[in-house]
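**Student:** Assemble the complex: chain A is given as a structure, and chain B must be docked to it using the hints.
Just so you know, the sequences run in chain order A and B.
Under our numbering, the residue at position 171 of the first sequence is numbered 171, and the numbers go up by one with no gaps.
Under our numbering, the residue at position 255 of the second sequence is numbered 255, and the numbers go up by one with no gaps.
Source of the hints: derived by calculation from the structure; they are not laboratory data.
The C-beta atom is built at its ideal place from N, Cα and C for all residues, glycine as well.
Incorrect hints may appear among the rest.
Cβ pair distances, simulated, as ranges [as the list claims (entries may be wrong)]:
| # | chain 1 | residue 1 | chain 2 | residue 2 | range |
| --- | --- | --- | --- | --- | --- |
| 1 | B | 573 | A | 186 | 35 to 45 Å |
| 2 | A | 151 | B | 376 | 21 to 31 Å |
| 3 | B | 290 | A | 118 | 48 to 58 Å |
| 4 | A | 169 | B | 614 | 28 to 38 Å |
| 5 | A | 228 | B | 32 | 32 to 42 Å |
| 6 | A | 186 | B | 271 | 39 to 49 Å |
| 7 | A | 197 | B | 162 | 52 to 62 Å |
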Amino acid sequence: MAAGTLANRRVAVLEDNDQRRNQLCGLVRLCRGVPVPSVGRAPDLGVLPDYFKQERIELLVSDHRLYERGDYATYCGAQAVAESYRHGVGGIVLTAYEPNDADDSLRLSRRWIPELLHSKELTRDTLGAALLKADREVREHQVPIERIPHRTIVTVKRIEPRGTSKIVKVMMSQWNAEQEVGFPLDLVPKEFHAAVKPGNMLIAEVNIEAAREEDLYFDKFELPNADILKKAKALFVRP
Amino acid sequence: MPKAPPTPQPTSERLRFSTAVLRLLGEELNPSPDQGILELIKNSYDADAKRCTVELKGVHIKGGSIVLKDDGIGMTADEIRNGWLIVGDSMKSRSETSPSGRLLVGSKGLGRLGALRLGKKVELTTRPKSEPGVQYRMEIDWADFEHARVVEDVELSVTREKAPLEGHGTEITISQLPSPWTKGDIKRLARAILLLRDPFAEEQKFHASLKAEEFEELEALAREGYFRECEFHLVATLDENGRASAEVRSASGKKLFSAKHADISKDKDNPIYETPALTFELWEFKLSGEWFASQLKQATLGAVRKWLEQFGGVRLYHRGVRVWPYGEKKNDWLDMNLRRVRQPELRPSTNNSLGCVRVDDPRAVFQLKTDRLGIVEGVAFDELRRFTDEVMEWMARERLKDRDKRKKAAEELVRKEKKDAAKGVDEAISQLPPEQRKDVQKAVAKLQSAHEAEVELKNETAQLYFTLGTVGTTAAAFAHQTKSPIEMIRTDANTLQSYLHDPHEFALFREESSVAAGRILVQADAIYSFSSVTLHLLEHEKRYPRNHSVHELIDETVKLLRPYFDARQTAVECDYADETPMVWCRRAAIEAILTNLFINSLQAFEARAKEGIAGEPRKIHIQTRISVGMVAIKVQDNGPGITKLALEEIWVGGKTTTEKGTGLGLTIVKNVVEELRGSVQAEAHGDLGGASFTINLPIK
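If we strip away everything but chain B, and leave its shape as in the complex, we get:
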């Protein structure tokens, strides 16, 4: 019987990689040569080096080389074989530390590959600390890989050599660069190396430098450290339990504001921040020549500007090493500029501030993206941003409070000084010989009158802005109201047009057509009334100060807004004091106050109904009462009240809880009342259940 053929044995195979993969991994995953070189410096940091220098030799022409030297712990032959030469792997675990206790920052070795491929050849010489008197050397010629099919076909040899007993570290030479480097390239690399570690941190246990004129210039500029010229210095910290605290100091170190967790995390129940412990530090500068002069600053505004241009923005330092590109020009990762647009006086921008977020992250929560351009954005990163945003929001609130306080104090001081000065002038005049008194009194009166005319002109301009603001809030609130009659006219006109073309249909629906024509007239009147409101608000004559009856001004404003009250079925009730309070003001001022308060009420009614809550018939109640030298005007409604904002926040510009609100109305009210030397108080729920505002004004 013939023998059965033997069963074929399986062969042992391996997955191999084409040498083209080196190009893909090395070049395409490397956005710029700088990032590759930074990766080599990070390797030096992980190797416990204290110093790392990068030298560029003849790079201004083709064929130059880059030499990187450090005084780290070096590598043994085994470490070269099983670590340095394995692409995409790292012997380092992200949660381990270096022998001296540094948290590791190097990544998967792809950046290193990118850097090594910047030239045609690489030479590595390393003297391990663990083997004194020994050094290892190896060379890579990338041309060998171009001739090979798969990466594993190219053999690399590591030579053991004698070395002096003293010293350890690694030197890498990347030679035969294929293209020359421009001055701009060198400058960019210098900046990247300088900012890799926080150049402003007090403690520098690792120093990376570039041997180039450009680096020295930049380092000197960084050393200038114009921090003492700042307006505010914010330091906010987040502890390991996600609880925040912050304080803001002046340039001289005086504590201005401080906050606990609940002051910063303003969401319901003050949630903790689910991100690793961190510190957020920010210096904000007031870039105004006037301010620099008034504060007797030592540096010039130009010098600070130049410094900020180079180092401004908020950078992120993860484990002490910078994460690119956060804080680069045009990388406003904390949306600072966007928020500043809404509150230009109270929020920092990337142009007028410098700062950093420092996260140690021992548990390696943050992971760098493969191309090392940023951190993988997950919940922890969002929470980090929520923290920085809410800290800056808190700082803006405190600044607003402080600004209002200072404004009031300054006004009080001016009033007192004015009174003292007038008294002083009167006393001086009374001591003059009687024949001279009249002339001097006349001259003083003339001077006073000229001054008052100047002040008046300024006040009139301010009033124009308040009026325009009020027109804006009115337009935003009632845009839909004005649009509706236009749409109705359009529909009716369309109906008439189609019927007039068809005599049969027209005869059939003659009555409907006649109603449509009538409605066009009614709607045209409605448009007329709505557009008149804006025109009336803008009447020029209203911006001149006179002695006005408060009751008349209230009646006029209610009459002016009557079309809107009627359209929204809102009753307005007035309960006036027996006497007529007279106030020296512009009509437009009271109109701006009342119009904005009324709009506030109308929007609150609408918001309540939208939330599915039926209320009593809508009502706004206005009451006036007179006490010693003052009139109190109380405007309240039976809406839902102030429920979604803290009382102190309602005056902040841009804050709104209604979809059509601009967030400017109550800011205008507050400013106008203060212009009139009055005060305004708000209650979340007044006598009618809704919001209540009381305005106190001095009477004539």
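If we strip away everything but chain A, and leave its shape as in the complex, we get:
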């Protein structure tokens, strides 16, 4: 991408590590954008939309783990980007990508995160391209194919305790019949929790065109009726 495309757009920068925050601001400048860093303490999640309005923010880049250094924020980057999505500001999450995050805090908000950038891939080019892609999805509603949801059969394989939360490991033949994917049990509406058991099937909207496991999101869970269950078992359950 040409480095000039951010063309003076104001980009909010949320990062609890001062050095990293400065680096991100530098990269935004190199993309010809105007960085607006939050220093000291990030605005509370509830006032983030007002803050964006007040600072005339058009885009957001946020580190995922915002709570490691002191109490910079009481939320994670995924939550910040999801909140800004709901208020019409496109954003990206920057993550050191630890597998635990993918199944847990990232997956919880992944539906509303247009782009996830791995820290080791961070350059001015990848940052600029990711921000523009997020902007297109949120403001112009140009949703790329890998972000479009499809009703999908999700087979529960097991439930793993992770700290004090529970991660549901599932398999989706329509995405990859060989790879398990995890999401927090909290993502499933409470009334369906009793049905989330190994061997059971659920239906969810999943962006099954996504190439990477960490890009998958799960939304709108429902319980399959007996007919769908029968067909699904015939199709997907190995004898």
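**Tutor:** Same frame as chain A, but now just chain B:
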């Protein structure tokens, strides 16, 4: 006017089944011949038989036969017609009982079909109890079906014959087996028949046997019943209301631990188990030669091993009859081996234990799968597994408590014995003639010194393990911290590389590039500091015991971990006693205690923020106080406190509530403190609101 043609009348038709369906249902739904034969035995059980024998005739060559005989109530012609001959149906309702009150165990008749098709011909002779002096006989020649198109085309006749007035029961002969049976096949069938009913149950109202050498050998081995050689015997029950209770006894029957429902169901509000009433019994063996010798066991370790190899694992008995394949080798349906990996000293495995889960299930909640390989897994089955898992978890907790108690008592005893022995030696020396005393004192001192050197060597090795454990917990907690500067260097290097290729851009962003270069240096320093922590923890010299000032050791540890405290904006405050407490210890020991407590605090701060709770600026407070012969080191923080684990559980290895925790840190703290002959207490919420740990150590 011509007549209208008559309206055609509808014809009466029937759905018919091709004879190929017999193959599909009989062979393909039958995983092995054993399962088919077991189904026939289950039919005998349902027919109230007391004995059922299976005989193999000439099966080592092609064309052999299998004969099954029972002394059950037999079948009338009507029962043959409307029950035995209908495939996929059963006259038995699962919630009914047999005439003698047995809960029925036979299934849909598919297993029977599978068994009958093991040979080319079947002969059935049955003498119904309700018709003395009568027997019914019928033959099935499967070749007739091969020549027919649909199953209904083959006629089968039932002949009524005279029979002696005495006796009743059924005999089935499956003949012309198409292939020979190997010794392995026979052995497998013998084991399956023996385990169909719990061979260790005291009451045997039904006995199934195989007339074969292999069966007799196995039955003799089962009769050995090495239960008296076990270390623990667990009996856990679940009543009809889903409430649990359990007790663990020793081999001699002495009660060791017991539990009520609330001790076992540890989730919030102690939920009941939503599964039928059941009993879970488990015998765990300690397979160590040393232990067998010390406990004066009657059997040899080898014999018990051989017995466990054959009968080990936890089997499931539904209505008194085994459900395959639970408890078979490689079928660890209760995840026992997986959990043992985390607590090898406290949890049983399928290799060192034997047990069973017995469920009567009068309301037929559990349904067997069509291929009879297991039960359809629904909520009730999950709840059954939750129960067995939580019972074993409770047992592990009790064993841990017991182990700690015994360890403390043993240490106390050794200390006392050592003191008494030293006193005894001194007394003996004092009674010696004065000219001999010096030599003996010298020899005793030399012996003592050699012994101390040996103990020291062992302690040093133990300390190395504690230090390595601490390095591990540190690495796990701060992995992200160490990774971050590397990623930043990578990004800056990338930026510089791209600009250096483009002089125009470089000129435009000269300042940005210069900042990037400066940042690389800062981050390189950060990596250096983080990696130094591990190297410092591992310094060899720290593992030698010396007389140390506790205050100096605290200062050193805080300094060592300073990069992490700074990176996480955590203030560390110290409030020391006026006097300097001196402790005889290794530096690494105090460092391991403090490092693990500090990591615990830092992770708690992070967990609190992650949950969306803003707190006061992060603070860790260390206080020392001296009382008679002891120093108390109190480490507390202003984090959320201990909220998701009971205080007694925080010391259990592998228990953690944070995503990056290993669950080993506090276990290391406890072990090291005990090595130093001290004690450690935890409070869920100390003076600052967060967790508080007080370590008491003897001072020099």
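**Student:** If a hint holds in the structure, say so; if it doesn't, say that too.
**Tutor:** Verification of the supplied hints:
With their beta carbons about 37 Å apart, residue 573 of chain B and residue 186 of chain A fall inside the hinted range of 35 to 45 Å. In this structure the hint that residue 151 of chain A and residue 376 of chain B lie 21 to 31 Å apart at CB holds, the actual value being about 26 Å. Our hint of 48 to 58 Å for residue 290 of chain B and residue 118 of chain A holds, since their Cβ atoms are close to 52 Å apart. Taking the beta carbon of each, residue 169 of chain A and residue 614 of chain B are about 33 Å apart, inside 28 to 38 Å as hinted.
Residue 228 of chain A and residue 32 of chain B have their C-beta atoms about 33 Å apart, which keeps the hinted 32 to 42 Å range intact. At roughly 19 Å, the beta-carbon separation of residue 186 of chain A and residue 271 of chain B lies outside the given 39 to 49 Å, and the hint is violated. Evaluation of the 52 to 62 Å hint for residue 197 of chain A and residue 162 of chain B yields a pass: the beta carbon distance comes to about 58 Å.
Checked against the numbered hints listed earlier, the structure breaks hint 6 alone; every other hint is satisfied.
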